[in-house]
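2 protein chains.
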Amino acid sequence: MKFSCSGLDLSDAVLKVVRAAAVRTTNPILECVKLSAEDDKLTLTCTDLELTIIKTIKADVKIEGEAVIPAKFFSEFARMISSEQITFTMRDNNTFEILYGSNTATLQCQNAEEFPQPKELEAPEKIVIKSNNFKDLVTKASVAVAQDDSRPMLKGILLEINGNELNGVALDGVRMALIKKQIESATAEFGIIVSARSLLEIIKLLPEKNNEITILTQKNHLMINLDDTILITRLLGHRADFVSYQQIIPNEFSTSITVNKQHLSDTIERASLLNRIERNHIINLNIKDETMVITSQSELGNITEHLQIVHTGNDLKIDFNGRFITDALHVINEQFVKINFGGSMSPCIITGNDTNEYLYLILPMRV
Amino acid sequence: MKFSCSGLDLSDAVLKVVRAAAVRTTNPILECVKLSAEDDKLTLTCTDLELTIIKTIKADVKIEGEAVIPAKFFSEFARMISSEQITFTMRDNNTFEILYGSNTATLQCQNAEEFPQPKELEAPEKIVIKSNNFKDLVTKASVAVAQDDSRPMLKGILLEINGNELNGVALDGVRMALIKKQIESATAEFGIIVSARSLLEIIKLLPEKNNEITILTQKNHLMINLDDTILITRLLGHRADFVSYQQIIPNEFSTSITVNKQHLSDTIERASLLNRIERNHIINLNIKDETMVITSQSELGNITEHLQIVHTGNDLKIDFNGRFITDALHVINEQFVKINFGGSMSPCIITGNDTNEYLYLILPMRV
Chain X
430 MKFSCSGLDL SDAVLKVVRA AAVRTTNPIL ECVKLSAEDD KLTLTCTDLE LTIIKTIKAD
490 VKIEGEAVIP AKFFSEFARM ISSEQITFTM RDNNTFEILY GSNTATLQCQ NAEEFPQPKE
550 LEAPEKIVIK SNNFKDLVTK ASVAVAQDDS RPMLKGILLE INGNELNGVA LDGVRMALIK
610 KQIESATAEF GIIVSARSLL EIIKLLPEKN NEITILTQKN HLMINLDDTI LITRLLGHRA
670 DFVSYQQIIP NEFSTSITVN KQHLSDTIER ASLLNRIERN HIINLNIKDE TMVITSQSEL
730 GNITEHLQIV HTGNDLKIDF NGRFITDALH VINEQFVKIN FGGSMSPCII TGNDTNEYLY
790 LILPMRV
Chain W
430 MKFSCSGLDL SDAVLKVVRA AAVRTTNPIL ECVKLSAEDD KLTLTCTDLE LTIIKTIKAD
490 VKIEGEAVIP AKFFSEFARM ISSEQITFTM RDNNTFEILY GSNTATLQCQ NAEEFPQPKE
550 LEAPEKIVIK SNNFKDLVTK ASVAVAQDDS RPMLKGILLE INGNELNGVA LDGVRMALIK
610 KQIESATAEF GIIVSARSLL EIIKLLPEKN NEITILTQKN HLMINLDDTI LITRLLGHRA
670 DFVSYQQIIP NEFSTSITVN KQHLSDTIER ASLLNRIERN HIINLNIKDE TMVITSQSEL
730 GNITEHLQIV HTGNDLKIDF NGRFITDALH VINEQFVKIN FGGSMSPCII TGNDTNEYLY
790 LILPMRV
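Chains X and W, in that order, give the protein sequences.
In terms of the working numbering, the first sequence opens at residue 430 and continues consecutively.
In terms of the working numbering, the second sequence opens at residue 430 and continues consecutively.
Hints are not guaranteed to be accurate.
Pairs involving identical chains hold if they fit within one copy or between any two copies, as the list cannot separate such chains.
Unchecked claim - Only pairs whose alpha carbons sit at most 16 Å apart, straight line, appear in this in silico EDC-like list of lysine to aspartate or glutamate:
#1 K746 x D718
#2 K501 x E728
#3 K501 x E698
#4 K555 x E594
Since the hints were made in silico from the structure, they are not lab data.
As the structure is a computational prediction, the values presented were derived from the model and not from experiment.
My request is simple: use the sequences and hints to build the entire structure.
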């Protein structure tokens, strides 16, 4: 194996694929990057067995071949020599020689045959969607993904085709996100559960332009094939493995308010400063006439804030974990949100004032 | 106690003084800020008993008085309400009421009498120095300050008047920094040891303009009195408590090189990537003719770099902890540095190519 390439191209590519490399694993080859030189191309691959990222750059290949070297070291090293033209040569004793300027690094390689092969997807289903719609869906749904490992399916987002919409659903037992985005086309109505962590890495690598992207999916994998980048993630499960979320959403409400999103967010942030030390994040909402009074209490003292609202239905006093509300508000782009309540023991529903693209359901706290 | 002030002034002031508040202490009052309203001024004070920061802002004082409240909470809270005019009122039951817009926070106060009183400095010695000179001295000397607690004096910088210069000296057993800066005047030749941590906080609060500042010092304290800010730190000791550093500096050398600072720094950074995992940071320098070859080795592989140098004296092979060299290079502003060696078992001395303002001494490693 022998090839040369631009340090800048290499540095850019390795910084992207290294996001899929495992960190602190018992299988060191998953902490590596595989370099494959073939034709006039260098292909870099990292995988932690859940997420796989493959990136191809131009290279002047003299002898084709493969090498597997430590990913974290190599990404930092490539960044530091990105100003140079770099030549790589595989030596007999499985050492990989890197020439840059008048300098040399030699690295011990791992056995390339032990590096996991990426899956081929045969006869997959397809979704075509604008990349901004997909990014927004993942960002908004991931807010409600479970953080603990007790129920692995809840660390995923259910992606479900419903007519000409893609639904993204996440829930963690005390809150739920349901995000709906228009698609361009889909080959079937199906539902898959994909790791939120993988999806958040994947959307970082989607092009900035709002192009159409094609999402391929088959029994066990989801794949997005961009120009020089292939993103693959293993599915966590299918629709049947997920909670029947539609039954959770109430459709009768006794109190409804519309409120400025930023004012509500700022208010809850301030209120949460006080009880952050006690880590309970409890805030009380008191809705009466055209005012909502938000209070928080802790050993340090208490905070009382007043917000102007548009209010229909009953007056209401209800307690929430304030963080669950601000988590949702932070990813909403609108100026106003609508919040519907079914009484002090029922969940609230945060939706758009002008759009049905998102719905957050949050259970109240029983203080 | 009752006063009003600008949220912006308050937020700026509390963010400055909170740097001196204690974190995780057994004495909770040291985690607080004291607010003192008097005449048309509000004075904020934080102290961890080593460093004290006092800041005064304009306020509309209706009733004079003092309040002591949690500093970290208050600094974050003040930042969040900085757009408002704020009114503070002390209520009967030692609760402190904060009115902002139509909102209210009430805080439980600590007993103001328990808050430590800042020291008055009587008949102090004085140093007058340009603020940029003082900042540079502290930044450059702090590189060599000991990080562990085994010898408390070595966590300080010796500040020593020597004619019309201020010397800053720090050492940690394997390296030493000696920084010399011109002063405008001093009342006596004296030497004091001041906590590097306090000095680094103090220089952050010095004005950006290169004004003359007056450093006052007395038996146990150092004080800088700026327009609206007073900075006080307790001394760790006096010259007699410090190492006799002059005896450590060799004055005969067998090898001398001049090298581009940035190239040397980049080279060592790259070499250190390899052995960072083993945390030994060992690099080997091989000086021969007009080239210095820098090598590092680890289980991962090895790196060999070549640097052009200007070289007088003997050829030399010597091992160093690369981090000790880059720590010094990072705070040096010149394009070239001079490094003098007395053989492979003797310390090297890094000095300016054009200036004697700084000197770093670094012991070699015995591999």
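Outcome of the hint check:
no., hint, result
1, K746 x D718, "within (12 Å within a copy, 83 Å between copies)"
2, K501 x E728, "between (45 Å within a copy, 15 Å between copies)"
3, K501 x E698, "between (37 Å within a copy, 15 Å between copies)"
4, K555 x E594, "within (13 Å within a copy, 75 Å between copies)"
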